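S.K.: Spelled out, the chains give:
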Amino acid sequence: RIHLDYWSFPHASPGIGFFEHSDPGDADFGADPEDAFRFRRIRLEMRGDILETMNYRLQIDFAAPGVGEMKDVWVGFKELPGNQDLRIGNQKRPLGLDHLNSSRFNVFLERPFVIETFNSDARRLGITMYGNNSDDSLGWAYGVYNLENIKSDGEYRGDSLQLSGNARLFGSPWYDQTSGGRGYWHWGIAGMVARPDGDSGPVDENSNEARFNTRPEARSESSWLDTGRIAGAEWYEILGFESIVNVGPVQVTGEYQLNWVQRDNTGPDLFYHGAYIYVGYFLTGEHIPYNRGSGTIGRVKPFENFFLVDRCFGGHGTGWGAWQVAARYSYLDVSDADVLGGVGHSITGALNWHWTAYSKLQMNAIYGEIDEHAAVGGFTEGDYFIFGARVAIDF
Amino acid sequence: RIHLDYWSFPHASPGIGFFEHSDPGDADFGADPEDAFRFRRIRLEMRGDILETMNYRLQIDFAAPGVGEMKDVWVGFKELPGNQDLRIGNQKRPLGLDHLNSSRFNVFLERPFVIETFNSDARRLGITMYGNNSDDSLGWAYGVYNLENIKSDGEYRGDSLQLSGNARLFGSPWYDQTSGGRGYWHWGIAGMVARPDGDSGPVDENSNEARFNTRPEARSESSWLDTGRIAGAEWYEILGFESIVNVGPVQVTGEYQLNWVQRDNTGPDLFYHGAYIYVGYFLTGEHIPYNRGSGTIGRVKPFENFFLVDRCFGGHGTGWGAWQVAARYSYLDVSDADVLGGVGHSITGALNWHWTAYSKLQMNAIYGEIDEHAAVGGFTEGDYFIFGARVAIDF
Amino acid sequence: RIHLDYWSFPHASPGIGFFEHSDPGDADFGADPEDAFRFRRIRLEMRGDILETMNYRLQIDFAAPGVGEMKDVWVGFKELPGNQDLRIGNQKRPLGLDHLNSSRFNVFLERPFVIETFNSDARRLGITMYGNNSDDSLGWAYGVYNLENIKSDGEYRGDSLQLSGNARLFGSPWYDQTSGGRGYWHWGIAGMVARPDGDSGPVDENSNEARFNTRPEARSESSWLDTGRIAGAEWYEILGFESIVNVGPVQVTGEYQLNWVQRDNTGPDLFYHGAYIYVGYFLTGEHIPYNRGSGTIGRVKPFENFFLVDRCFGGHGTGWGAWQVAARYSYLDVSDADVLGGVGHSITGALNWHWTAYSKLQMNAIYGEIDEHAAVGGFTEGDYFIFGARVAIDF
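Sequence lines, in order, name chains A, B and C. Numbering of the first sequence is given in this note's numbering, commencing with residue 1 and proceeding in unit increments. Numbering of the second sequence is given in this note's numbering, commencing with residue 1 and proceeding in unit increments. Numbering of the third sequence is given in this note's numbering, commencing with residue 1 and proceeding in unit increments.
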């Protein structure tokens with residue numbers, strides 16, 4: 001998997017510069033976001049079975065080759081009673097839809113505010129049981145996870161284990177087998193109960209994992225919406241709802257998530273929430289497939305691949321691939337009481353050109369506003385326009 | 001190869017906290033060891049032949065994906081006269097048995113004190129000749145190595161080459177072919193002569209490699225037994241003895257190693273030594289195979305794999321894998337004259353559940369004592385209880 | 001690909017110590033270069049096709065496993081009209097011959113002064129069109145690239161894009177098909193126009209990429225010839241000429257490159273240039289193959305591989321591989337006006353022992369002089385003798 005990005009920031013109001021470069025000690029304090037070319041993903045992967053009853057996956061990302069990052073690294077038991085599989089290791093924790101979709105298949109370049117904020121980077125060290133009923137019309141996943149992201153050091157060290165319990169139940173009551181899955185309705189509900197270490201201090205190896213932050217649905221340098229580590233956080237609970245309706249080339253998808261944070265006497269309890277909805281349409285008539293087993297979307301197969309070659313007998317041969325347009329509205333509120341992470345609104349337009357089932361060019365144009373943010377350089381709000389493009393292949 | 005660990009430190013006397021967090025400038029000076037979940041090994045590997053007469057191995061560990069570590073990276077010539085092979089590159093230097101055993105096959109989670117101390121991390125850049133007599137009843141390995149561990153930077157730079165010469169001779173005078181190797185006696189003797197740079201200063205690129213240290217046979221953060229870099233060290237010589245007696249499901253293995261260090265007029269010569277012995281027993285009757293060519297133990301194959309699956313015709317199918325219990329006593333003395341690295345005793349109980357030949361769950365319970373340690377925070381001794389568990393697969 | 005090096009510096013005049021260790025704040029300021037054993041290249045690689053019309057290459061180097069480096073990471077479209085291929089991603093920018101030759105095939109251990117200086121590390125993020133005429137007697141490559149080397153972080157961030165346009169045209173008017181390419185003449189001409197950000201300051205994410213530097217055709221720690229980042233540089237243009245004449249076992253290869261740098265009113269414009277020429281000869285009669293499609297040299301195949309094995313019926317079997325000698329003269333002048341990067345002359349003798357087509361031992365002896373260097377520790381010149389050896393395999 002190779003994803004190569006270009007990100008441009010043609011407009012950013014002054015406040016955005018302070019959210020991007022927020023350290024008063026730096027020379028670039030308050031400077032505008034700068035454009036970037038970057039590899040977003042470069043993954044080496046191995047997967048396979050261990051005899052008949054076990055399997056594994058090992059995936060390391062070298063988009064920044066100087067510092068690799070752990071992705072899926074797990075060991076599994078297959079075909080357990082109840083049509084279930086068990087996986088132990090670093091893996092996506094079940095919460096919401098968009099993060100469980102592979103980055104290879106998602107309609108937009110970056111995930112919505114609420115998804116990145118409440119399930120940041122998705123993968124954690126833990127143990128998950130996956131299951132389905134006999135006709136795959138219903139599925140579930142539940143497990144226990146450590147809250148710390150160990151993508152760089154492969155280790156959580158700390159006496160406060162900072163665990164979460166997660167569960168997701170989903171179904172596809174309508175799935176049109178006859179047309180090969182061109183029509184379906186997916187629903188899902190997920191929950192997470194987490195026990196962060198809000199009191200961790202300099203004697204502890206671990207940090208307080210009660211923090212909710214996200215970039216502006218684009219690869220800026222910093223998180224423009226950010227609660228910081230919430231001192232005194234003792235518990236938080238997230239509840240999420242998801243739905244996909246797909247009718248041939250048209251798909252409408254939305255999610256809503258709520259997050260309650262309890263603190264010790266450091267401050268009052270907090271409530272955060274966010275949502276998104278998108279509509280996608282294939283100009284060339286393809287559809288977004290659905291995987292009933294995992295409750296996620298799958299690989300788009302163009303009716304005709306993109307090619308432009310010399311023919312042996314003279315002249316050129318051409319094909320035009322699959323073309324998809326999409327629009328997304330996204331909302332996040334992580335400002336409550338004394339913790340002012342900001343409130344964000346964002347609208348994204350997308351144009352996806354699928355060259356083949358394994359390669360595509362994606363383009364996003366994003367307009368967004370942030371307000372109710374804790375003051376940085378005197379600014380509590382800002383608005384921005386961002387353009388992003390990606391060449392994406394997998395193999 | 002994926003090894004995923006859990007380490008817990010339910011008991012540690014006050015001194016242990018100071019050996020674990022020994023820097024008076026840190027906020028956690030003297031704090032108790034903290035529990036950890038961590039990947040111990042995640043390895044990407046290539047190996048193969050170059051035409052008929054050469055071979056190679058390339059192995060990088062990404063357990064902490066942010067900083068890869070070099071493991072076996074060598075180029076070899078095969079089938080040389082005298083039934084020998086030559087390997088050039090980063091490889092295990094011959095000294096002792098337990099470090100030459102693959103971490104995939106070892107009976108205990110971590111290697112004994114004396115093995116880790118006198119042959120820390122085992123692999124060094126060097127050149128080794130491996131050979132066997134015609135019926136494999138006798139084998140040898142000898143070579144020259146750089147003393148610095150180049151696992152992170154792939155480079156030794158320094159005018160003082162800091163080399164060692166190592167050699168190991170081993171045999172298996174009794175090996176019961178009829179039973180497929182369920183009975184055997186292995187003996188071995190190894191030696192190492194090393195020339196560290198005890199006078200390296202700030203003008204030199206290299207550091208003094210005369211240091212002997214080890215963790216408590218568990219993945220603590222720090223080395224609890226540690227001589228530090230021994231100033232003025234000019235030479236050291238290690239002699240090691242090893243033995244395995246295996247009778248069906250029972251194995252008794254032990255090693256003893258002696259280490260003499262000579263210094264310039266910085267201080268008197270030093271003598272260190274250590275030993276271990278373990279007994280293992282398969283409740284389910286399997287045995288630990290032996291590789292006569294390399295003089296190391298091999299892969300355990302359960303009589304019946306572990307599985308728990310739904311049967312097509314109803315009911316569950318089950319298998320219980322192989323179960324092994326083992327106990328180890330370990331001893332190390334790296335305190336002599338003015339260099340007080342500590343004296344350690346350790347007892348480990350092990351329970352190994354082999355799911356298949358390629359996957360297992362290992363559990364260790366460790367009780368140990370350290371004394372004669374240079375005072376840290378006023379403490380020269382301590383005792384501890386540690387519990388460790390590992391899910392291990394290879395492929 | 002595994003390359004394992006030994007580098008020794010038996011002679012270095014006092015000035016060389018200051019070029020090697022040039023920081024007055026360091027304890028080793030002015031100290032002699034120190035010898036080194038090091039892995040020069042350890043590469044993991046994947047390459048393949050995406051259906052019929054696309055391809056990709058993914059190559060990461062772990063010679064220093066703690067910090068991986070990006071090499072070729074690109075996505076391509078094949079068989080475009082005009083007999084052309086398009087590649088997007090991190091790839092070698094077309095300029096000169098020696099850097100486009102694979103490190104697996106080059107005759108000397110390290111590339112000549114002028115090649116490393118004007119096309120440092122060669123690979124950049126960009127887009128290249130490769131093409132050939134119908135009988136491969138003519139070829140071309142042209143493209144646009146970012147100037148920053150993103151080998152470690154996979155990202156260029158900065159509003160000044162710092163681009164270059166590169167183009168190379170080459171031909172092989174004489175290529176002796178009958179003898180399998182034992183005789184040929186290759187010529188090439190290449191140009192590069194670059195727009196560095198000579199005014200980048202602390203507010204910018206990016207650094208000024210107008211810098212020309214190189215090691216002494218050996219793996220010293222530092223660049224002994226180095227202009228530093230040239231303040232105020234606005235543009236630079238490079239022109240390069242290349243030629244190979246090969247007659248059976250003899251090859252004569254040379255290149256000449258000129259570099260004009262324009263500055264704003266920081267200082268006057270600058271002119272740099274350099275050249276090299278080498279002669280190689282196979283004592284055993286083989287030849288260096290030539291790839292007409294890419295205009296670069298290829299893999300040497302020994303008439304007889306090197307081996308030394310026991311024969312089944314007694315006695316040894318032996319083969320002696322291919323033996324090649326070569327000599328190179330190299331020159332670089334990066335001192336002009338107030339920017340005194342130094343003037344270097346270097347003579348290298350090489351002995352290459354090809355064990356097989358995929359493995360070899362290379363040895364270089366290098367004598368060189370540097371003068372007109374900006375004073376470091378009071379020295380503006382120096383001379384040195386270096387010895388290097390490499391075991392190189394690929395697979």
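Do not take every clue at face value.
Which copy is meant is left open, because identical chains are indistinguishable; a pair holds if it fits in one copy or across any two.
[Unchecked claim] When the alpha-carbon atoms are kept at most 25 Å apart in a straight line, the in silico SDA-like pairs for lysine to any residue are as follows:
id : residue 1 : residue 2
1  : Lys78     : Ala167
2  : Lys301    : Asp394
3  : Lys151    : Glu69
4  : Lys301    : Gly228
5  : Lys78     : Ala357
6  : Lys78     : Gly228
7  : Lys78     : Arg299
8  : Lys151    : Leu361
9  : Lys301    : Pro289
10 : Lys78     : Glu234
11 : Lys78     : Trp323
12 : Lys151    : Phe313
13 : Lys301    : Gly180
14 : Lys78     : Asp310
15 : Lys151    : Pro14
16 : Lys78     : Glu372
17 : Lys301    : Asn265
18 : Lys78     : Asp23
19 : Lys301    : Ser120
20 : Lys151    : Ala326
21 : Lys301    : Gly254
No lab work stands behind these hints, which were simulated from the structure alone. Treat the numbers as computed from the prediction; the structure is a model and nothing was measured.
S.K.: Does each hint fit the structure? Answer for all of them.
M.R.: Outcome of the hint check:
For a Cα distance limit of 25 Å, the shortest separation of Lys78 from Ala167 inside one copy, 19 Å, qualifies, whereas the shortest one across copies, 46 Å, does not. In this assembly of identical chains, the alpha carbons of Lys301 and Asp394 lie at most 25 Å apart only when taken from the same copy (13 Å versus 35 Å across copies). For the identical chains of this complex, Lys151 and Glu69 are neighbours both inside a copy (5 Å) and across copies (16 Å), given an alpha-carbon limit of 25 Å. In the homo-oligomer, the alpha carbons of Lys301 and Gly228 never lie at most 25 Å apart, since the shortest distance is 42 Å inside one protomer and 51 Å across protomers.
Proximity of Lys78 and Ala357 under a CA criterion of 25 Å is satisfied inter-copy only: 17 Å between copies versus 28 Å inside one chain copy. Taking identical chains as interchangeable, the C-alpha atoms of Lys78 and Gly228 are never at most 25 Å apart, the minima being 40 Å within one chain and 48 Å between chains. In the homo-oligomer, the alpha carbons of Lys78 and Arg299 lie at most 25 Å apart both inside one protomer (24 Å) and across protomers (23 Å), since each shortest distance falls under that limit. In the homo-oligomer, the alpha carbons of Lys151 and Leu361 lie at most 25 Å apart only across protomers (23 Å), although the nearest pairing inside one protomer, at 28 Å, exceeds that limit.
In the homo-oligomer, the alpha carbons of Lys301 and Pro289 lie at most 25 Å apart inside one protomer (9 Å), although the nearest pairing across protomers, at 43 Å, exceeds that limit. Proximity of Lys78 to Glu234 under the C-alpha cut-off of 25 Å is found in neither arrangement, the shortest distances being 36 Å within a copy and 57 Å between copies. Taking identical chains as interchangeable, the C-alpha atoms of Lys78 and Trp323 lie at most 25 Å apart only when they sit on different chains, with a minimum of 21 Å there against 38 Å within one chain. For the identical chains of this complex, Lys151 and Phe313 are neighbours neither inside a copy (53 Å) nor across copies (43 Å), given an alpha-carbon limit of 25 Å.
Proximity of Lys301 to Gly180 under the C-alpha cut-off of 25 Å is restricted to the intra-copy arrangement: shortest distance 12 Å within a copy versus 45 Å between copies. Taking the shortest alpha-carbon separations for Lys78 and Asp310, only the inter-copy value of 10 Å comes in at or below 25 Å, while the best intra-copy value is 48 Å. With identical chains, the CA atoms of Lys151 and Pro14 are never at most 25 Å apart, being 33 Å at best within one copy and 33 Å at best between copies. Proximity of Lys78 to Glu372 under the C-alpha cut-off of 25 Å is found in neither arrangement, the shortest distances being 48 Å within a copy and 51 Å between copies.
Taking the shortest alpha-carbon separations for Lys301 and Asn265, neither the intra-copy value of 55 Å nor the inter-copy value of 57 Å comes in at or below 25 Å. Neither within a single protomer nor between protomers do Lys78 and Asp23 lie at most 25 Å apart by alpha-carbon distance, with minima of 49 Å and 47 Å respectively. With identical chains, the CA atoms of Lys301 and Ser120 are never at most 25 Å apart, being 29 Å at best within one copy and 41 Å at best between copies. Taking the shortest Cα distances, Lys151 and Ala326 never come within 25 Å of each other, neither inside one copy (32 Å) nor across copies (34 Å).
For the homomeric pair Lys301 and Gly254, the shortest alpha-carbon distance inside one copy (23 Å) is at most 25 Å, but the shortest distance between copies (50 Å) is not.
In this structure, the earlier hints numbered 4, 6, 10, 12, 15, 16, 17, 18, 19 and 20 are contradicted, and the remaining ones agree with it.
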